[in-house]
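These protein sequence lines map, in sequence, to chains A and B.
Each residue of the first sequence is one higher than the last, beginning at 1 in the working numbering.
Each residue of the second sequence is one higher than the last, beginning at 89 in the working numbering.
Any given hint might turn out to be false.
[What the hints assert, rightly or not] Below, in silico cross-link-like pairs of lysine-lysine (DSS-like), each with a Cα-Cα straight-line distance of 27 Å or less:
no., chain 1, residue 1, chain 2, residue 2
1, B, 115, A, 14
2, B, 145, B, 119
3, A, 27, B, 119
4, B, 135, B, 145
5, A, 82, A, 53
6, A, 82, B, 146
7, A, 32, B, 115
8, B, 119, B, 146
9, B, 138, A, 32
10, B, 115, B, 135
11, A, 27, B, 138
12, A, 14, A, 27
13, A, 32, B, 145
14, B, 135, A, 32
15, B, 135, A, 82
16, B, 143, A, 53
17, A, 53, A, 32
18, B, 135, A, 53
19, A, 53, B, 138
20, A, 53, B, 115
21, B, 115, B, 138
22, A, 27, B, 135
23, B, 135, B, 146
24, B, 143, A, 27
25, B, 143, B, 119
26, A, 32, B, 146
If you are wondering where the hints come from, they were derived from the structure by calculation, not from laboratory data.
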Amino acid sequence: MSVDSVPANREFAKQIGITFPLLSDFKRTVVKDYGVFNEEQGFGNRATFLIDKEGIIRHIDEGNVAVDPTTVVEACNALQHKKAATTP
Amino acid sequence: MYPRLLLSLVLLAVFSVVAMAQQPPVKTHLKVGDPAPDFTLRATDGKAYKLSDFKNKKNVVLAIYVLAFTGG
Numbered sequence: 001m002s003v004d005s006v007p008a009n010r011e012f013a014k015q016i017g018i019t020f021p022l023l024s025d026f027k028r029t030v031v032k033d034y035g036v037f038n039e040e041q042g043f044g045n046r047a048t049f050l051i052d053k054e055g056i057i058r059h060i061d062e063g064n065v066a067v068d069p070t071t072v073v074e075a076c077n078a079l080q081h082k083k084a085a086t087t088p
Numbered sequence: 089m090y091p092r093l094l095l096s097l098v099l100l101a102v103f104s105v106v107a108m109a110q111q112p113p114v115k116t117h118l119k120v121g122d123p124a125p126d127f128t129l130r131a132t133d134g135k136a137y138k139l140s141d142f143k144n145k146k147n148v149v150l151a152i153y154v155l156a157f158t159g160g
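This is chain B alone, in the form it adopts within the complex (with noise of 0.2 Å):
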C-alpha cells in the first residue's frame, strides 16, 4: 500500500518539475529594436568574448540553455 502511495508522491513531484519547467515564470523585457546590453563573458576556450567587440563586424545569435546536460 505505502510503496504504491510514496510512487504515486515521487511521480506527482516529477511531473510537477517539469510544468514548472515547461512554463517559465520570468518574461524578458528586452523588446525587438532594443539595444542588447553589453556583456563580457569568460567561454570554454579560455577567452573572454564582449559582444560590443563584434559590434560593425557580425550579427549574433546569444542562445541561452537551461544548464549543461540538459537537452534543449
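So here's chain A without its partners, still in its complex pose (with noise of 0.2 Å):
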C-alpha cells in the first residue's frame, strides 16, 4: 500500500513485475490511522504490520527495517505456529 494513485500503482506494478494488487491510499487516511504518515513529505512513511485473524496487530517494523522482510515472515511464522498448536 502506498498513497500513489491506483493508475501510478498500476504502471509501478507492472514495471516491476508484480502480479498480486496493489493498494491505494490516496486520501492519506489510512496513513494517518496508522500514525505513518510524514506530513513534511506528504506521504507515508515505510512500515509493515502484521494483523492477526482478529484484527489485533501482532508485529510492527517501521523505517529502514521494514525494508526487510525477514522479520515480518518470523512473525507470520509464529502466528501460523501458535494457531495450529491451539487448534485441535
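Put the two chains together into one complex; each comes in its own frame, and the hints tell you how they fit.
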C-alpha cells in the first residue's frame, strides 16, 4: 500500500512485475490512522504491520528495517504455529 | 570555481534529502496488541479491499511503501 494513485501503482506494478494487487491510499487517511503519515513529505513512511485474524496488530516494522521482510515473515510463521498449536 | 561550489551544494542537498529519508520523523502511535484501524482501499485490480472482510479468515500483512518507483 502507498499514497500513490491507482494508475501510478498500476504502472509501478507493471514495471517491476508484481502480479498481486497494490492498495492505494490516495486520500492519506490510512497512513494517518496508522500513524505513519510524513506530513512534510506528504507520503506514508515505510512500515509493515502484521494483523491477525482477530484484527489485532501482532508485529510492527517501521522505517528502514521495514525494507527487510525477514522479521515480519518470522512473525507470520510464529502466528501460524500458534494457531496450529491451539487448534485441535 | 563556481561550478565546483554549485556541485558541492547540490551534493549537500542530495545527502540531506537521503538523510531525512532514512530517519522518518514520524513514529506510529500504534502498538502490538492494539486493534488495527479498519480501512477500505481501492487496488490496482480495480477492486476495493476492506480490512475487516478478512476478520476470522486470514492474517493480513499491511506493507506501506514510500512511493511507487522507489526501491524497497
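How the hints compare with the structure:
Distance check on the hinted pair: residue 115(B) and residue 14(A) sit about 31 Å apart at the alpha-carbon level, beyond 27 Å; violated. Among the hinted pairs, residue 145(B) with residue 119(B) is consistent with the structure: their alpha-carbon atoms are about 22 Å apart, no more than 27 Å. Taking the CA atoms of residue 27(A) and residue 119(B), the gap is about 23 Å. The hint holds against a cut of 27 Å. Straight-line distance between C-alpha atoms of residue 135(B) and residue 145(B) comes to about 19 Å, which keeps the hinted pair within the 27 Å bound.
The straight-line distance between the Cα atoms of residue 82(A) and residue 53(A) is roughly 12 Å, inside the 27 Å bound, and the hint therefore holds. Under the criterion of a C-alpha separation no larger than 27 Å, the hint pairing residue 82(A) with residue 146(B) is consistent with the structure, at around 14 Å. For the suggested pair residue 32(A) and residue 115(B), the alpha carbons sit about 11 Å apart, so the restraint of at most 27 Å is met. The straight-line distance between the Cα atoms of residue 119(B) and residue 146(B) is roughly 20 Å, inside the 27 Å bound, and the hint therefore holds.
A threshold of 27 Å between alpha carbons decides the hint, and for residue 138(B) with residue 32(A) the separation of about 17 Å falls inside it, so the pair holds. Proposed proximity of residue 115(B) and residue 135(B) is contradicted: the alpha carbons are some 30 Å apart, above 27 Å. Taking the CA atoms of residue 27(A) and residue 138(B), the gap is near 15 Å; set against the 27 Å cutoff, the hint holds. For the proposed pair residue 14(A) and residue 27(A), the alpha carbon gap of about 23 Å is at most 27 Å, so the pair holds.
In summary, the hint linking residue 32(A) to residue 145(B) is supported, as the alpha carbons are separated by about 26 Å, within the 27 Å threshold. Distance check on the hinted pair: residue 135(B) and residue 32(A) sit about 22 Å apart at the alpha-carbon level, within 27 Å; holds. Distance hint between residue 135(B) and residue 82(A) is unfulfilled; the C-alpha atoms sit about 32 Å from each other, more than 27 Å. Of the pairs offered as hints, the one joining residue 143(B) and residue 53(A) holds, with about 5 Å between alpha carbons and a cut-off of 27 Å not exceeded.
Proposed proximity of residue 53(A) and residue 32(A) is supported: the alpha carbons are some 22 Å apart, at most 27 Å. For a cut-off of 27 Å, the pair hint linking residue 135(B) to residue 53(A) stands: about 21 Å separates their Cα positions. A threshold of 27 Å between alpha carbons decides the hint, and for residue 53(A) with residue 138(B) the separation of about 13 Å falls inside it, so the pair holds. For the proposed pair residue 53(A) and residue 115(B), the alpha carbon gap of about 25 Å is at most 27 Å, so the pair holds.
Distance check on the hinted pair: residue 115(B) and residue 138(B) sit about 24 Å apart at the alpha-carbon level, within 27 Å; holds. The straight-line distance between the Cα atoms of residue 27(A) and residue 135(B) is roughly 17 Å, inside the 27 Å bound, and the hint therefore holds. The suggested pairing of residue 135(B) with residue 146(B) holds, with an alpha-carbon distance near 18 Å, which does not exceed 27 Å. For the given pair, residue 143(B) sits about 24 Å from residue 27(A) by alpha-carbon distance, which is consistent with the 27 Å threshold.
Simply put, residue 143(B) and residue 119(B) have alpha-carbon atoms about 19 Å apart, close enough for the 27 Å limit, and the pair holds. For the given pair, residue 32(A) sits about 24 Å from residue 146(B) by alpha-carbon distance, which is consistent with the 27 Å threshold.
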